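On the provided structure of chain A, position chain B as indicated by the hints.
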Amino acid sequence: QKEVEQNSGPLSVPEGAIASLNCTYSDRGSQSFFWYRQYSGKSPELIMSIYSNGDKEDGRFTAQLNKASQYVSLLIRDSQPSDSATYLCAVATGNQFYFGTGTSLTVIP
Amino acid sequence: EPEVTQTPSHQVTQMGQEVILRCVPISNHLYFYWYRQILGQKVEFLVSFYNNEISEKSEIFDDQFSVERPDGSNFTLKIRSTKLEDSAMYFCASRPGYSSNQPQHFGDGTRLSIL
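Going down the list, the protein sequences come from chains A and B.
Residues 1 to 109 in my numbering are what the first sequence spells out, letter by letter.
Residues 1 to 115 in my numbering are what the second sequence spells out, letter by letter.
If we strip away everything but chain A, and leave its shape as in the complex, we get (with noise of 0.2 Å):
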């Protein structure tokens, strides 16, 4: 069975401060890694893709890549109070995307 691992969280950052999520992953065949947020109640949305090894920024956030660990994080970087959300982790072979639990942001002002 293919896993996809999150801390659950709830994980609280002061506005400003840096917030780092984690995720690890079972199948070493898996080929691309998203990052999502989702508020509460609301559909998952898409915030950082990654293929390769390394980091990718995009604004705020950086999503890195270790396909030897089997572990992507994603870093936000100035945490702002409308970061609070829940991230999933999503990790994709072929047409499957398998989801983690996400991790639970709280950004305190």
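FYI, nobody ran anything at the bench for these hints, they're computed from the structure.
Quick caveat: nothing in here was measured; it's all calculated off a predicted structure.
Note that beta-carbon positions come from the ideal geometry of N, C-alpha and C, so glycine has one too.
No incorrect hints appear here.
Quick look at which bits of chain A chain B covers, simulated, 3 or more residues with Cβ under 8 Å:
hint	region
1	25-34
2	42-56
3	86-97
For chain B alone, kept in the frame of chain A given last:
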């Protein structure tokens, strides 16, 4: 920006009845998905659909469930003989093509409540 649209936003149904959840994927997308999210739990894959047939399905997607693309634009999920435990948010998603590099775009979901 093109969106995945889902109707209705909320469906209330008596246990044992059949429900049909509707989705209009983004027009040039080729892969379609249904997911379920029980309140407070993870997003669970139900089924993927490509070229007018099921591509993959999960253990959850048993004989109670079926999908259809009746008219080239709508993509429907039918749940027969609904049970209390079918109460959940159901999300439709689509993506452009075969490469796994292409992310899924989600609709706003249908909240299904079984009484």
